[in-house]
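K.L.:
Residue-level listing of the chains:
Number of protein chains: 2
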Amino acid sequence: MDAAVIDLLGVLAYGELTAFERLATDAQLAPTVPDKVALGTMANVEFAHFQKLSKHLQDRGVDPFEAMAPFVDPLDSFHDSTQPADWYEGLIKAYVGDGMATDFYREVATYVKDDETRSLIQDVLADTGQASFAVAKVKEIIAEEPSVGGRLALWARRLVGEALIQAQQVAVERDALLELLVGSGDLAGITRLLKSITDKHTERMALLGLDA
Amino acid sequence: MDAAVIDLLGVLAYGELTAFERLATDAQLAPTVPDKVALGTMANVEFAHFQKLSKHLQDRGVDPFEAMAPFVDPLDSFHDSTQPADWYEGLIKAYVGDGMATDFYREVATYVKDDETRSLIQDVLADTGQASFAVAKVKEIIAEEPSVGGRLALWARRLVGEALIQAQQVAVERDALLELLVGSGDLAGITRLLKSITDKHTERMALLGLDA
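Those protein sequence lines, which keep their order, are chains A and B.
According to our numbering, the residues represented by the first sequence are 1 to 212, in order.
According to our numbering, the residues represented by the second sequence are 213 to 424, in order.
Next comes chain A alone, as it looks inside the complex (with noise of 0.2 Å):
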């Protein structure tokens, strides 16, 4: 396995297992005990997708707690600095940082030419019901309270520049990875992949009725 690809399913596995220990920690903040289920259940399929991306590495010699060593300090910064103070803030982090993720490693995975490895990063990437879930209810509070809707999207721009923060981190120290991420290794292609996130991020923010 090449280094870039070492470095991709240690930084998928590291961001599900903290996803899930995050979700897991918000089911606290949930108001009754069905939104308690609903978040548990999506931090038990991240888990899952966490197991999954381990077994990978192990199958192919590779010790997992090493190809996530690099992450562990970026995505556990990402996540000190964003702790939500409300369920809703739970809930915005819940959609707009899986989804910035998953269309992150999804343009990622095009540039795998391993099949096996590319089919297993499409497979964790799948749907968890995260998405529909936390804007059914943020919909419903800002019906209800419109004024919560400035607050969030506030917080929503605070976790993608945060987010982009640790990713630069990153980007800076892991080489083969980031010419993994730009395919040609050019600057033209982060911009690229730069665009694509925001772009998609504008959208999720828009499903909300809020300006990203």
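Hint data in this document are derived by calculation from the structure and do not stem from the laboratory.
No incorrect hints appear here.
Taking lysine to any residue and the SDA-like style, the derived pairs with C-alpha atoms no more than 20 Å apart in a straight line are:
no., chain 1, residue 1, chain 2, residue 2
1, A, K55, B, V245
2, B, K267, A, P34
3, B, K267, A, T32
4, B, K407, B, T314
The hints should help you fit chain B onto chain A, whose structure is shown.
P.N.:
Coordinates of chain B only, in the frame set by chain A:
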């Protein structure tokens, strides 16, 4: 399904759901990524148990959320009043709390007449590996820093105390469940149940080299 069995499955289901949530939350206290994964794996097993219990109720025309409702406050109160301050308190809580709950349900399961329900209960009580993981980690730290042992012994006493307070509350309010628990419905049955649970707690603490 009679009221007592619905109560029993309800408290068991909500117990698994909160166990999932707390284990996943405590995973954030883990000192290493492999420790985090170990706790996450256990949390995931608890969630799968919750899903099985929930489905069992649904298949018999019982709304799992209604069955869980009477136990939400007591279980939330237990967890809120026993938030681990660090990784080791979290491990003790997983070990002691899971152990006591398992002893309790195992005793009670023998009184359940419906075979499918009884075997489901025995199935979800199967060892998640929590105990041996916690014992190994806690023994390690006590060997390194013997003073930690005293603090953790006190913490375990508090856990037992808080659990009994909540259990008593539930017993007062849920007549049918109480009758199932004590078999014949007499006080001697309760005393026997409590003695059996505290005896096993003492054995568990002895495994750590601690007084109960």
